[in-house]
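Residue-level listing of the chains:
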Amino acid sequence: MDKFTTLTGVAAPMPLVNIDTDMIIPKQFLKTIQRSGLGKNLFDEMRYTQDGKEIPDFVLNQPAYRNAQIIVAGDNFGCGSSREHAPWALLDFGIRCVISTSFADIFFNNCFKNGILPVVLPQEAVDHLMDDARKGANARITVDLESQTVTASDGTSFKFEVDAFKKHCLLNGLDDIGLTLEKASAIDSFEAKNAALRPWA
Amino acid sequence: MAPRTLYDKIWDDHVVHQAEDGTCLLYIDRHLVHEVTSPQAFEGLRMTGRKVRAPEKTIAVPDHNVPTTQGRENPAQMPEESRIQVAALDKNAKDFGINYYPVTDVRQGIVHIVGPEQGWTLPGMTVVCGDSHTATHGAFGALAHGIGTSEVEHVLATQTLIQKKSKNMKVEITGSLRPGVTAKDITLSVIGATGTAGGTGYVIEYCGQAIRELSMEGRMTVCNMAIEGGARAGLIAPDEKTFAYVMGRPHAPKGAKWEAALAYWKTLFTDEGAHFDKVVTIRGEDIAPVVTWGTSPEDVLPITGVVPAPESFTGGKVDAAKRSLDYMGLQPGQKLTDIAIDTVFIGSCTNGRIEDLRAAAEILKGKKIKVKRAMVVPGSGLVRAQAEEEGLAQIFIDAGFEWRLAGCSMCLAMNPDQLQPGERCAATSNRNFEGRQGRGGRTHLMSPAMAAAAAITGHLTDVRELMGETV
Ligand code: SF4
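Taken in order, these protein sequences are the chains called A and B. End of the first sequence sits at 201 in the working numbering; the numbers just go up one at a time, nothing left out. End of the second sequence sits at 1471 in the working numbering; the numbers just go up one at a time, nothing left out.
With the rest of the complex left out, here is chain A (with noise of 0.2 Å):
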């Protein structure tokens, strides 16, 4: 997994409400036995025409936003499925930070496992990051992870939670599976003391 110390970048405008794993990854994309090529089909149904165009007016498709690495969105971003697609998709576009008042706990946690941030503001912050992102390319966010801070263009800066350990694998690009087999015997001496405790699991 890739790092994320620090992100300066272009921030896309989505404000619409719920927005679901269903519209960032249509399912016709999850038959895929692999992690990457689903940037060209984030977002596909509200991105493309049924016979496959650009639809001009979404946002990825206008020049200012083709290279966004940061979403702006509304309230109750990646509702819906499990599906890790999700981040993925939003990862091979190039997207690394999605900001909002709220997330799917899932979609949430998903990110992280990815390289992927999450932040989460108040409603005036993201109201204010959202005014920024609608400026386009001119408008730059810069998003720090060990200071917890997104800083808007013009300077006003809003500092967010993290979860401590969260944070500590997103900046180090840590495997989660192997800091976990590192407490296998944890693990070993847990299923000896179930497997008396409550021998039917």
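Do not take every clue at face value.
To be verified - Cβ-to-Cβ under 8 Å is the rule here; a few derived chain A residues that face chain B:
| # | residue |
| --- | --- |
| 1 | P15 |
| 2 | S82 |
| 3 | E84 |
| 4 | I106 |
What the hints assert, rightly or not - Simulated crosslink set (EDC-like; lysine to aspartate or glutamate; CA at most 16 Å straight-line):
| # | chain 1 | residue 1 | chain 2 | residue 2 |
| --- | --- | --- | --- | --- |
| 5 | B | K1165 | A | D163 |
| 6 | A | K31 | B | E1081 |
| 7 | A | K193 | B | D1013 |
| 8 | B | K1372 | B | D1342 |
| 9 | A | K159 | A | D144 |
| 10 | A | K159 | A | D127 |
| 11 | B | K1365 | B | E1390 |
| 12 | B | K1164 | A | D163 |
| 13 | A | K31 | B | E1080 |
| 14 | B | K1167 | B | D1277 |
| 15 | B | K1170 | B | D1008 |
| 16 | A | K31 | B | E1043 |
| 17 | B | K1091 | B | E1043 |
| 18 | A | K167 | B | E1020 |
| 19 | B | K1266 | B | E1240 |
| 20 | A | K167 | B | D1021 |
| 21 | B | K1368 | B | D1342 |
| 22 | A | K183 | B | E1020 |
| 23 | A | K40 | A | D92 |
| 24 | B | K1057 | A | E191 |
| 25 | B | K1164 | B | D1342 |
| 26 | A | K193 | B | E1240 |
| 27 | A | K3 | A | D144 |
Derived from the structure by calculation, the hints contain no laboratory data. Quick reminder that beta carbons are idealized off the backbone N, C-alpha and C, glycines included.
Starting from the structure of chain A, add chain B with the ligand where the hints point.
What follows is chain B with the ligand alone, placed relative to chain A:
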């Protein structure tokens, strides 16, 4: 010890390790696997030379992609990409030695129906699956939730999950349901009341007389949609109905182990005075048969209602509602019962169990459909076999329904069962998102009885009228 909730108890019994910041390593008793969210996880194991730690606790079944038409064991029936995914699961199950129900096995079906049916899901367990509707298993008093593919790989390799504890939320449904009102109406009404983010950060315990009065099938329907309310999981404390359902299932404990299990299961309830961070109470008598009108599961209204005006909402929801109505092809003020239906889909992990098929067949008996097409997709091969034995299949076929093989089918339309653009469907599944049942397809969610009612009238219908109930 301070009084604990059911969630607290299950959690406490599964903590392998707790870090200073509260992050826990939680032991996983059952890991369910399907073909769509697992290939990259198995690939990860291969790349790192890791094994599946507990293959005997890992159960795999293909369900999302599989065709539901006869002759499907012939690979030529499947589009290339689906075939590759199902073949990958075949191979991974074999290579890693995990329990497996291939499409040719009568026990194959939707993973959340197969788990309980085979007795893999038991009270007090932790159950995970790379699928958000894992919450279904909470009906047994198991802590069950969806995980992403990276976590699937983590559980395969370590039989644990890194978790922070959620908060406790209680949803109480008091009193009894009125005739024509079902578990689906409860769960949709709760989401209608709390919104799709109302449960975010919580594990919900459903309780109250109306929940106790539900069958196990109904309880699974309620917990299934906890995720649509944003919750990590939904739980219902086990009781005699739970134990009766579990007893004798192939993987349920037997003999002395059964007795020991039963004694433990009887301790699985929320203690008097335990703390809930959020409480929602709904009167069972107040719940009506409901349908969704929009493209979010929170867009719920009693069937007696009218399509709402976007301006009646606040904040970002105004635009979202406008977009929904445009997508759904509906006008504010239109009576819900005037909405004509093209297609009826009965099935999914929400409502693909035997009781659901019975409820629909009851309405359909001796009637003919007035929609363009209607299909029943039983949740498992065993549900299908039982429905045939009970004569339900014949009722569906006589009414004009297609009688399909088990799978997810038109719930998410990854297989050939899809809506055409603009096609309007009365569905018993759980998601009405844009494009969910096929690009441009329009989904109205409802109970099996309500879907059956729509099938025979050709429009959204209050099932109570067909039952001779006064509203
Ligand atoms: S039936 Fe639908 S919701 Fe259930 S597991 Fe299958 S696709 Fe998911």
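For each hint, the structure was consulted:
1. For the restraint placing A:P15 at the interface with chain B, the shortest Cβ-Cβ distance is roughly 7 Å, inside the 8 Å limit, so the hint holds.
2. At about 4 Å, the closest approach between the beta carbon of A:S82 and any beta carbon in chain B falls short of 8 Å, and the interface hint on this residue holds.
3. Interface restraint check: A:E84 against chain B, minimum CB-CB distance 4 Å, threshold 8 Å, status holds.
4. Among the interface hints, the one on A:I106 holds; its C-beta lies about 5 Å from the nearest C-beta in chain B, closer than the 8 Å criterion.
5. Annotation: proposed proximity of B:K1165 to A:D163 holds, straight-line Cα distance about 12 Å (limit 16 Å).
6. Distance restraint check for A:K31 and B:E1081: the Cα-Cα separation of roughly 6 Å lies within the 16 Å cut-off, and the hinted pair is therefore satisfied.
7. The straight-line distance between the Cα atoms of A:K193 and B:D1013 is roughly 11 Å, inside the 16 Å bound, and the hint therefore holds.
8. With a C-alpha separation of about 5 Å, the suggested pair B:K1372 and B:D1342 falls inside the 16 Å cut-off, and the hint holds.
9. About 10 Å separates the Cα atoms of A:K159 and A:D144, which keeps this hinted pair within 16 Å; it holds.
10. Distance restraint check for A:K159 and A:D127: the Cα-Cα separation of roughly 15 Å lies within the 16 Å cut-off, and the hinted pair is therefore satisfied.
11. For the hint linking B:K1365 to B:E1390, the alpha-carbon distance of about 13 Å falls within 16 Å, and the restraint holds.
12. This hinted pair checks out: B:K1164 and A:D163 have alpha carbons roughly 10 Å apart, not beyond 16 Å.
13. For the given pair, A:K31 sits about 10 Å from B:E1080 by alpha-carbon distance, which is consistent with the 16 Å threshold.
14. For the hint pairing B:K1167 with B:D1277, the CA-to-CA distance comes to about 6 Å; that is within 16 Å, so the pair holds.
15. Our distance criterion of 16 Å between C-alpha atoms is met by B:K1170 and B:D1008, whose separation comes to about 13 Å.
16. At most 16 Å may separate the alpha-carbon atoms for a hinted pair to count; A:K31 and B:E1043 meet this at roughly 15 Å.
17. With a C-alpha separation of about 11 Å, the suggested pairing of B:K1091 with B:E1043 holds against the 16 Å cut-off.
18. About 15 Å separates the Cα atoms of A:K167 and B:E1020, which keeps this hinted pair within 16 Å; it holds.
19. At roughly 9 Å between alpha-carbon atoms, B:K1266 and B:E1240 fall within 16 Å of each other, so this suggested pair holds.
20. Restraint check for A:K167 and B:D1021: the C-alpha separation of about 12 Å stays at or below 16 Å, so the hint holds.
21. Pair hint B:K1368 plus B:D1342 holds up; C-alpha atoms about 14 Å apart against a cutoff of 16 Å.
22. Restraint check for A:K183 and B:E1020: satisfied, since their Cα atoms lie roughly 15 Å apart, inside the 16 Å limit.
23. Distance hint between A:K40 and A:D92 is fulfilled; the C-alpha atoms sit about 8 Å from each other, no more than 16 Å.
24. Only pairs whose Cα atoms come within 16 Å are accepted, and B:K1057 paired with A:E191 is accepted, the gap being roughly 12 Å.
25. Taking the CA atoms of B:K1164 and B:D1342, the gap is near 45 Å; set against the 16 Å cutoff, the hint is violated.
26. At roughly 28 Å between alpha-carbon atoms, A:K193 and B:E1240 are farther apart than 16 Å, so this suggested pair is violated.
27. The hinted pair formed by A:K3 and A:D144 meets the criterion: a straight-line CA distance of about 12 Å does not exceed 16 Å.
Against the hints set out earlier in the document, violations occur for numbers 25, 26.
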